[in-house]
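Participant: Throw the hints in and build the complete structure from the sequences for me.
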Amino acid sequence: MQIGSSTAAQTGKNEQSERVAPAGWPLEMHRVLKGAQVRQVSYVPDAGHAQLIKLFEADPEVLCNVLTTEEEGIAIAAGAWLGGVRSVLLLQSSGVGNCINMLALATVSRFPLLLLVTMRGEWAEFNPWQVPMGQATEPALNAIGVRTFRADTPSDLLEITASAATLAFESDQQVAVLLSQRMLGAKKW
Amino acid sequence: MAKQSHAALDRREAVAALLKDRGDLLLITGLGSPSYDVHAAGDTDANYYLWGAMGAAALVGLGLAQARPDRNVLVITGDGEQLMGLGGLATIAVAKPRNLVVAVVDNGHFGETGMQESHTARGIDLAEVARACGFIDARTIRDLTDVEAARAALHQDADGPRLFLLKVKADNLPRSLPPRDAVHLKNRFRAHLGLPVN
Numbered sequence: 419m420q421i422g423s424s425t426a427a428q429t430g431k432n433e434q435s436e437r438v439a440p441a442g443w444p445l446e447m448h449r450v451l452k453g454a455q456v457r458q459v460s461y462v463p464d465a466g467h468a469q470l471i472k473l474f475e476a477d478p479e480v481l482c483n484v485l486t487t488e489e490e491g492i493a494i495a496a497g498a499w500l501g502g503v504r505s506v507l508l509l510q511s512s513g514v515g516n517c518i519n520m521l522a523l524a525t526v527s528r529f530p531l532l533l534l535v536t537m538r539g540e541w542a543e544f545n546p547w548q549v550p551m552g553q554a555t556e557p558a559l560n561a562i563g564v565r566t567f568r569a570d571t572p573s574d575l576l577e578i579t580a581s582a583a584t585l586a587f588e589s590d591q592q593v594a595v596l597l598s599q600r601m602l603g604a605k606k607w
Numbered sequence: 169m170a171k172q173s174h175a176a177l178d179r180r181e182a183v184a185a186l187l188k189d190r191g192d193l194l195l196i197t198g199l200g201s202p203s204y205d206v207h208a209a210g211d212t213d214a215n216y217y218l219w220g221a222m223g224a225a226a227l228v229g230l231g232l233a234q235a236r237p238d239r240n241v242l243v244i245t246g247d248g249e250q251l252m253g254l255g256g257l258a259t260i261a262v263a264k265p266r267n268l269v270v271a272v273v274d275n276g277h278f279g280e281t282g283m284q285e286s287h288t289a290r291g292i293d294l295a296e297v298a299r300a301c302g303f304i305d306a307r308t309i310r311d312l313t314d315v316e317a318a319r320a321a322l323h324q325d326a327d328g329p330r331l332f333l334l335k336v337k338a339d340n341l342p343r344s345l346p347p348r349d350a351v352h353l354k355n356r357f358r359a360h361l362g363l364p365v366n
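Protein chains in written order, with the numbering used here: chain A, 419 to 607; chain B, 169 to 366.
Worth flagging that the hints you see were computed from the coordinates, not collected in a lab.
Heads up, some of the hints might be wrong.
As the list claims (entries may be wrong) - Mimicking DSSO-like on lysine-lysine, the simulated pairs with C-alpha atoms at most 27 Å apart in a straight line are:
1) B:K337 - B:K188
2) A:K452 - A:K472
3) B:K188 - A:K472
4) B:K337 - A:K452
Facilitator: What follows is the structure, given as structure tokens:
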């Protein structure tokens, strides 16, 4: 599997094809997360996560939950850990704002928590409504006690995700991996 | 919307009756009075009490039910707590767990904060909401005979999630306080299931 090959369609008109970054990394992320024994995935969709969501939805070993709001995934992951299952939450930076009080559940209980956050409101953002939460994402996570790691390239992303999974599931930490908008590709219309 | 009358179940009596001979039931409680009710009925390592994270209880139950399909999972929470997680009922309905029951102890009030009337005292029916989402059994429980029937159902799998709405009096009872250390509660719950402490 080549990492960072730039074969993504750049000609599509819809958000999904524009934000699907280099082909390959979602497949590799699926492999890394499966290797970390993740068996449950919750998500509020983001175009940047579209391929990874598709891979997990097609994976008979992984239970997927589509959420009405991101904080539900914090609670689901806590319940999964109580029952011995490793869970991951896929969300967009705007959804981090929805999670803040619920993150107390993970931090006060020291539940392992792994968030994969696709960033908006930074690199070449066209929608001003995305900017406030995008800019507040990392400081807000840090303020509530979640450790953050930023991935700017696909190879960084895989290494960081594997490390974050270990930190979360082996050291009972609450960790967010921020997938930079520059890596994902700015949304175009 | 017309205000709905509340039947006269005593919450402690109702919760204790629901948990009678609970066997290997795994239990999550929502913050506030439902945690005290469950603690008063008897503390065990198979209880995980929430002291915050309002709106989380039913979804912690979903995560647990998915992790342990071999066990029946009960969530006992309050009307205020469940109202904050209303969207979670849709998420649970879509997930279709066969081994999850959400029991809402509904006194129509926010009991921890001065007994202000909640939405359920102002016409919102959580059983109807659950039914509209697709819960396969959303029943309203008004007396101990209903509780006994619900108790039997708890210990069986079903074709999808269930919600039991227990209509109770709006009493402010003496508190029966479970431990507040969430790490302790987590570790003892996992140990109960034979899982290692990290």
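Participant: Report the numbers of all earlier hints that the structure fails to satisfy, in ascending order.
Facilitator: 3, 4
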